[in-house]
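Protein chains in written order, with this note's numbering: chain A, 45 to 248; chain B, 862 to 1111.
Honestly, the hints are just simulated from the structure, not real lab data. Hints are not guaranteed to be accurate.
[As the list claims (entries may be wrong)] Listed next, the stretches of chain A that the computed footprint assigns to chain B, with coverage defined by at least 3 CB atoms under 8 Å from CB atoms of chain B: (1) 50 to 63; (2) 89 to 101; (3) 137 to 150; (4) 163 to 174.
Think of the CB as a built atom: it goes at the ideal place given N, C-alpha and C, for glycine as much as any other residue.
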Amino acid sequence: MPQMLHHLRETPSQTAGPYVHIGLTPNFAGIDGVYPADLGTAMVNGKTKGERIAIAGRVIDGAGEALRDCLVEIWQADAAGLYPSPSETRGSADPNFAGWGRCPADAATGEYRFETVKPGCVPFPDGRLQAPHVTFWIVARGINLGLNTRLYFGDEAEANAADPILSRIEHRSRVRTLIAERVGDGYRFDIRLQGPDETIFFDI
Amino acid sequence: MSTAGSNSSPETGAFWPRDRAWHPPPLTPAYKTSVLRSPQRALISFSNTLSEVTGPVFGQNLFGELDNDLIHNFAKPGESAQGPRIIVHGRILDERGQGVPGVLVEFWQANAAGRYRHKKDGYLAPLDPNFGGCGRTISGVDGGYAFRTIKPGPYPWPNGVNDWRPAHIHFSIFGSGFAQRLITQMYFEGDPLIRTCPIVNGIRDPAAIEQLTAPLDLAATIPMDSMAYKFDIVLRGRRSTLFENRLEGN
Ligand SMILES: [Fe+3]
């Protein structure tokens, strides 16, 4: 028999459940005094470079109802297209930009909202530029493994048309599920878990 | 920000593909909420880009003294949470078996009676005035982590008419890349409710359920103080930067 590989297996996922707020946004859940503030609530400060934008929307189930108990996290590059991460080797990202945000859906409306900056372009592994985008990760009761998707910007038609990922999506009518439309100083991005307009989710 | 792993070279390789047959599938009808919340179309796959291999960093300066002590982090001065005192400890590893340092681990749980401090929890078991139910820590240089808490109670939940969750602690884990992001639950060795739970049984392979079941670890107990359970967590592995990715400038 050949030697063993000794690889481990990834810990299996389990749903975040209905009480995810206790662990990830305890102040939002009314558990005061344990942490000074919830993590991921401030992505920008007064010195952050780039165009300030808001990203807001809802996560909608197969019956057309907004999830009012979900939690959304986003991860994006800064205005120059650099990630504030040790794995970013092309340069140093804006020290006044967190890159990561976390937001529980509003308990009454299901609305999530992030105040951030518009990201710059990040290269694909083959060197082509990707269109500006924001990575989304959605967890909730009833979601057994966190869902990954991406937001692209509706006013970046040229970059979107050349994007290496968007351009290889076979069912062209589904591409629009990843495009956030500009509304005022922000972008609207609703995520549909099921139905004819089901959002594209990625296996990253 | 400084991290426990900041003196080692950053990892930049792509992640090994996720084995989705090992995880519960999106649609597990016995867990009723999954029916309307499970995407039905095939996921679209693409090779990792920088957007997936990078991820946020959390520094040691984030943590308060009691963040990893659920017995005391919500309790009034001089008081403590009620219930069996336990230590939960283990290592954050990747699929290559290497410890992952600098990982933010967040956890939350019901109190010893099975009640959450949450306005949507209507279970008639009592709240413990000295128990909040949340904590966090960061893994050390070898990937090790530990926290102190009380053993949570099982609780009933509205799914079938008589469904009870096994005792569990919820975990949220960040790796070094955002594609490693994971939420899961730890169960306790010997709990008969594990095998009847529709959420647990969304996992098809019994060995994967075993992976979520923490053994009693008598060697790590503190005599006359706390029992201990060991829970190792495995994050997705990365390819070697040197051989699988083009080097900078090549
Ligand atoms: Fe729970």
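Results for each hint:
1. 50 to 63: holds (count 14)
2. 89 to 101: Not satisfied, violated; 0 residues make the cut.
3. 137 to 150: Three-residue rule met by the stretch 137 to 150 of chain A, so holds; n is 3.
4. 163 to 174: Check passed, 5 qualifying residues.
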